[in-house]
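Going down the list, the sequences are from chains A and B.
Counting the first sequence from 1 gives a position; my numbering is that position plus 475.
Counting the second sequence from 1 gives a position; my numbering is that position plus 475.
Hints were generated in silico from the structure; no laboratory data involved.
A few of these clues could be false.
Listed below are the simulated DSS-like cross-link pairs for lysine-lysine, each with C-alpha atoms no more than 25 Å apart in a straight line [to be verified]: (1) A/Lys677 / A/Lys642; (2) A/Lys677 / A/Lys653; (3) A/Lys583 / A/Lys642; (4) A/Lys572 / A/Lys621; (5) A/Lys801 / B/Lys695; (6) B/Lys642 / B/Lys583; (7) B/Lys801 / A/Lys695; (8) B/Lys744 / A/Lys744; (9) B/Lys642 / B/Lys695.
2 protein chains.
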Amino acid sequence: MQTRFDVVAIGHAIVDVLAHVDDAFLTAHGIAKGAMTLIDAFRAETLEHAMSNALEASGGSAANTAVGVASFGGRAAFIGKVRDDRLGRVFGDEIRKSGVVFESAPAKSGLATASSHILVTPDGQRSMNTFLGCASALDAGDMAEKTIAATEILYVEGYLWDTPGAKAAIRSAIAHAKAAKRQVAFTLSDPFCVGRWRDEFKSLLASDVDILFANEAEIKALFETEHFDQAFQAVRDWSGKAALTRSAHGSVVVNASHVHILEAEPVAKVEDTTGAGDQYAAGFLYGVARGLPLGNCGRLGGIAAAEVISHLGPRPLVSLKALASKAGFG
Amino acid sequence: MQTRFDVVAIGHAIVDVLAHVDDAFLTAHGIAKGAMTLIDAFRAETLEHAMSNALEASGGSAANTAVGVASFGGRAAFIGKVRDDRLGRVFGDEIRKSGVVFESAPAKSGLATASSHILVTPDGQRSMNTFLGCASALDAGDMAEKTIAATEILYVEGYLWDTPGAKAAIRSAIAHAKAAKRQVAFTLSDPFCVGRWRDEFKSLLASDVDILFANEAEIKALFETEHFDQAFQAVRDWSGKAALTRSAHGSVVVNASHVHILEAEPVAKVEDTTGAGDQYAAGFLYGVARGLPLGNCGRLGGIAAAEVISHLGPRPLVSLKALASKAGFG
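My request is simple: use the sequences and hints to build the entire structure.
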């Protein structure tokens, strides 16, 4: 059957509020550097008041990835929950303008659309403080069976495990994908997220995941080791496709028979690492959906990540398709 | 048969003359940064006059490795040529004091003992200007058959190819090792050296080498690619044991069935990268000679490299055996 989409991404629909701050700001507000911390509505308001010159931009890890796939010229869809409020409309308008099909109906009651207060320090690191709001209302009813069945790869973010109803939703989405013989991709999302859900993530890997994304901290957290190599050996034993991202050290991509050790693409100045992993996933998934060799999938990931860290904001500012073509692809 | 040595290293016997200089010094003297350049006696004298506060210390790539093996508690021997002059005595005294057996007879006539004028810039890079002198008189007659036959691993430096008589000498040494069913290890030494001898190095790999050492620039030069991953794939196709060192990115070690991706050991401050590859080779070879798993051989290499780059000079200042034991080995 001809598919309708290359990738359907499921995740939290979030609008990011970004600002440059110094390390002292993090210390003063008790914020863990480089991590994603869940906050409530009250703390979200406190942070919003403290942040000056903040930039508002649609985000959400899996949503960013869907936008990246579309920027490569891929056919992308996103499933996630917004409310019928101002931020919800911002999110919907922006993701559709990026070429991503977003058909989830906005909620008419309940909590507001999710927002993440992202603090970028001079070293390019970002610390995220996320108020999940309405995004956490995602449930099995939102898992559009027809869309999932008609898509090459179902992509699920680990962050969803922090949402009470999401487990049933994901189980349902994976069942739809498996029934249609589609591939299931999963990102570990965050080392603290791995800490909260390690055993569930491991059993998900063993039973359902075909493609895994993790950065160095996440894969070490999953296998409880301080040595990247030990985590890498565990990934090889698992034998699915995996992309392990390593910041300035590039990435390592593996499947049952191959290992590729890829250098980071050159970046003149790292401005903001927000979305680096999301865009890497976009390039890799686009490559897999189009049947490219494993090493080239990783290179597309690196190209997309390099673009997004060269400016503030979690989504590409230029066409990834054009960048890929400049690098000799397609 | 019980062996007498873990490693016998063959290379140029050189005394290093090290000094800290700025980039302007390199420019003024037309010196290629980070490379090893061969110079004649006249230029050696010119540089010596221009260098102030120079430190004299025995060096030579393979000799440094032999000293590193001994520092791990391994049984090491060195074969190389000095003259019966002051520097020749310095070289012989220092290597023997390090616990390395050095039985090559000093030449009684001809060129002086080799010296390398090493300029260390503030970024920790070193640029080497080597006057080979007497070291280039090495010939087949120096290849002590009994020593080689009684040693687990014969280790040969690529630099030797710059010495006219050395090819016959190496052929003879390898023949002794193969006849005794010993392993042959080889380092590419320097990207410019690879450029000079690419085809010969490739045929040596195909026919005689069991263990290969190369840094990123060298392995890319060998396989004429700008992508580390392409060089890595070529190394995997070759299917011997290889250790590819990547400076701050750590190292990758492979054999026919395994790949290990190792992080660099932490170093408080990189003082001088002179000898990093030599000491990495020492740790790796010691591990192989003692039958350690491949990944652990690489970790020992990383531990030794981290020690030597933390201070000026190409040989360890503290016991590598003690450092290995602190890291949980032996």
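Hints and how they fare:
1. Taking the CA atoms of A/Lys677 and A/Lys642, the gap is about 14 Å. The hint holds against a cut of 25 Å.
2. A threshold of 25 Å between alpha carbons decides the hint, and for A/Lys677 with A/Lys653 the separation of about 18 Å falls inside it, so the pair holds.
3. The straight-line distance between the Cα atoms of A/Lys583 and A/Lys642 is roughly 23 Å, inside the 25 Å bound, and the hint therefore holds.
4. Between the alpha carbons of A/Lys572 and A/Lys621 the distance comes to roughly 23 Å, so the proposed pair stays at or under 25 Å and holds.
5. The suggested pairing of A/Lys801 with B/Lys695 holds, with an alpha-carbon distance near 22 Å, which does not exceed 25 Å.
6. Simply put, B/Lys642 and B/Lys583 have alpha-carbon atoms about 23 Å apart, close enough for the 25 Å limit, and the pair holds.
7. A threshold of 25 Å between alpha carbons decides the hint, and for B/Lys801 with A/Lys695 the separation of about 22 Å falls inside it, so the pair holds.
8. Distance restraint check for B/Lys744 and A/Lys744: the Cα-Cα separation of roughly 23 Å lies within the 25 Å cut-off, and the hinted pair is therefore satisfied.
9. Proximity of B/Lys642 to B/Lys695 is assessed by CA-CA distance (about 23 Å); at most 25 Å being required, the pair is judged to hold.
In the structure shown, no violation is registered for any of the earlier numbered hints.
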